[in-house]
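Residue numbers (my numbering), protein chains in the order written: chain A, 1262 to 1838; chain B, 927 to 1336.
A hint or two may mislead.
Listed below are several chain A residues computed to face chain B (Cβ distance under 10 Å; list not exhaustive) [as the list claims (entries may be wrong)]: (1) 1346; (2) 1499; (3) 1732.
Please keep in mind that the hints were generated in silico from the structure rather than gathered at the bench. All values derive from a computational prediction rather than experimental measurement. Every residue, glycine too, gets a C-beta built ideally from N, C-alpha and C.
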Amino acid sequence: MSQTLHRRDFLKLAGTLAAASLAASCAPNQPAPDPTSTLAPDSPTQVPPTFPPLEPPIASAPLAVIALNRMGFGLRPGDLEAFEALGSTDDERLRAYVSQQLNPDSVDDSEFESRYAAAGFETLHKSADELYADHIVSNPYDSNDDAYWEWYSKPAYELVEASFLRAVYSRKQLVEVLADFWHNHFNVYFWQDDAVPMLVSYNRDVLRAHMLGNFRQMLEAVAQHPSMLYYLNQNNSSDAGPNENYARELFELHTLGAENYLGVLDPNTIQKDANGIAIGYVDNDIYEAARCLTGWRVDDDLGDWEDGVEKTGRFLYYKPWHDRFNKLVLGKYIPADQPDMQDGRDVLDLLARHPGTARHIARKLARRLISDTPSEAVVQAAADVFLANVDAPDQLKRVVETILLSDDFRLTWGQKIKRPLEATVAMLRAVNAEFTRLPGAISWMTSLMGQQLFERRPPDGYPDTMEAWANSMSVLYRWNFAVGLVDNWLNDDDQQRPLQTDLRAQTPPEIRTPAALADFWILRLLGRPMSDENRQAVIDFVRQGYGADDEMSDDDLDYWGRSMATLILMSPDFSMR
Amino acid sequence: MPPKYSRRNFLQGCSYAIASMAGARLSNLAFSANNDTDTLVVVFLRGAWDSLNVVPPIDGDDRGLYEKARPNIKIPADALLRLNDQFGLHPALSPLYDLYQQGKMAVVHATGLNVDTRSHFDAQEFIELGTPGVKNTSTGWITRHLQSTPSGSTGLVPAVSTNGLPTALLNYTPTLSMNTPSDFSQWDNGTVVQQQEALRKMYGGNTLLEQVGRRTLDALDLVQPLVEQEYSPSNGAAYNDDDFGRQFKTVAQMIKLEQGLQVATVDFGGWDTHEYQNDGADGYMADLLSSLGNGLANFHLDLDSGYAERLSVVVVSEFGRRLVQNESNGTDHGHGSVMLALGGGVNGGQVFGPWPGLNNEQLYDHADLAVTTDFRQVLGELLSTRLGNPNLETVFPGFGGYNPLGIFRG
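Put together the whole structure using the sequences plus the hints.
This is the structure:
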């Protein structure tokens, strides 16, 4: 009873907060008129029209279901029971699970590890140096040679497979959720010229190495990795004409976020905080930051024509390209002729310590881990932890922990839909699918849903709100994936990539009536009951002339039972989280 | 009609089901209102196309300034297709040059936003939401057009998007998002009819996802006949086997279905040319332009069998690029862009929009082509002259400076 009241009060409060923040961001924010623009600004009274709100989604779910769907890719058989065994109250269980997931080295992951070993990946153990030497230096570019392409792209393809294998089978589920989050945050594109094999190193040595560590260190590791240096054209940015691509996304996407972009304004007019740092950024900050970063490049002289450049594929600070003169970034003066790399590091320091960055990162993490519209309270709490631990080696772990132990996390449900990759992995887990090497059809199906792993081309990463994924093509291919998965149509024996699911074998022999069958599979696949109407739809589907409590024949149990489980995977209930 | 569909159609007896049984031709009665207005196709080029190389100055002082600013990436004057005394068209768009000369295509130069941003994502949102400077608008401009147009949007599929769901259609749940008709089919494990029946119940609520689920089921009925037959374009149109060809072909098929399609969106990325964008009239960007030109021209040809007269296409990108090239033989983010308008109601063969000039003091922020024509001028004129929607204040709230340029015939 008190739980219910608490929840209702909370929702009311959240609604008020959301309305307040909407009103604040609707407030007119007129840019200063530009002398060369011939256009008048809009009238300051503009208010976007509003339409009736959509019906709020499903009310609640057991905490175990919330935790397993947000800190991981949904339920595998046995997960609910394992969660329940973690303590005697919801609070105890959640704390224990969060602690376990945030300390992944403590998790026994032997089942996954033996499967990973059996997969026999050939390239994923290679260091960054080895990847570059083996797949780029020793594999000269020849666009018409299939052997070239196969060897060049093999590490990245193996990484896609290993990522699915981990997401489906590893018990370190939060690690996989965060690896996906950070790849999208610091997005690079699978097929980036010159960088394809290095994706393996980017994922392992940069994202996974730092994602429970320190943001500032992660930022520098990203800035110096060939995958990012190539992707955002930093690799050829020199004092002769800096390339602004990386610098702009560094501000807009990686750190401060567009919410702190003040536009094309004179930097001297921007308000400063107590430390003299600008409260937001303008275009000039990007130009100056780009100058600071000139000379940050890859050691990639494959043609042997540059002095002082080798071909190790490592980060290289190339002094001849560096703009040595003074700069001004976010109101901070950066003197001329600083030591090597200091200008760039000053920029990263300014950004990583900025309150705007703290809120941007906190909001994105909360959006991923909780809902499309996390409350201001949880965003601010996580941002405060970010700033208070800005030099701590486990800064990001503490931020994530704050979000996972928040009221928002445990008291909200159903306001987000699983992204396509999430839904795909969740289905593979729910039906306890058996595979070791991933059939090619899986990636192809996710591309039809609109989200292929590592293949987002623009630097903003795949969208993380439901409006982007609630469209007919994406929904239809969720349904098709469920059908293909349960009926083993995605299996690929020809390429020695079997994928098998046997739902009949997973149904207890005593379950023989339509109602029992429906209840068993609803609980097994969703971990919670469906609404009465949807449960009835499932029963009506499977009974096919039987009464709800009649015993079904073996053939009907197999044929209609299998299809009924498919239907549960296709339901809106399965997609919500 | 395959038997698996007949049972449900019989049971439901709804107009859409009858329509799809009748060979996907609804009577004109249902949609006569919509037949009076054009079908709008919005082509969004993501990444900010380099408008100064798409429609460069061909002569005069500005040509000199252009060449000086872009020593390595200028398009040679003798390679350009002459639009008028001032401007030329990139030669890779030659398929569109024919349409320009026939008066079916117009160019609007120095278009864009009246707010300051060089962020791709902000600028795309401002344009697609139709509310420059405001990012939390809950609907796209096309959504508001379809919700406010006096003729209504009662067709089974008022809107189609062929590359995910663009922000311009944000929260417009009737949108059919579909890569190609042949992809848009439900896999049948032998129980698809019963599954669809159950899905209709399960997706019976009004959450966003449930509304979309129901629309998906409706759309499956409509598109199914297209899945089962090979599409042959009219007039010998030959689409390239690329993403441009795929998207335009899909839209053409949906228009010819005559199911009251009012708006289609097609979407192409890859225009963010920070490096090595071209080599004279060839290179990376020329390849993109060639695919775009080919797709659009074939689309027009394909529909030039009774549909092209009621077709309006606009091509838009989020902003233009810096006048001065960078050291990587590319261009960084700029401001003023160029829009194209194409179709039966276009006053074609002209370049519209006041030209701001390329002198340093004429440039926006001393760096980029200035914006003299708000993108909403172009879209607003299109809405009121070709789409029968005078409710510009609803579609573009707060936009007070509406002043049509005469790009479209009323």
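Each hint tested on the structure:
| no. | hint | result |
| --- | --- | --- |
| 1 | 1346 | 32 Å, violated |
| 2 | 1499 | 6 Å, holds |
| 3 | 1732 | 4 Å, holds |
The earlier numbered hint that this structure contradicts is number 1, and it is the only one.
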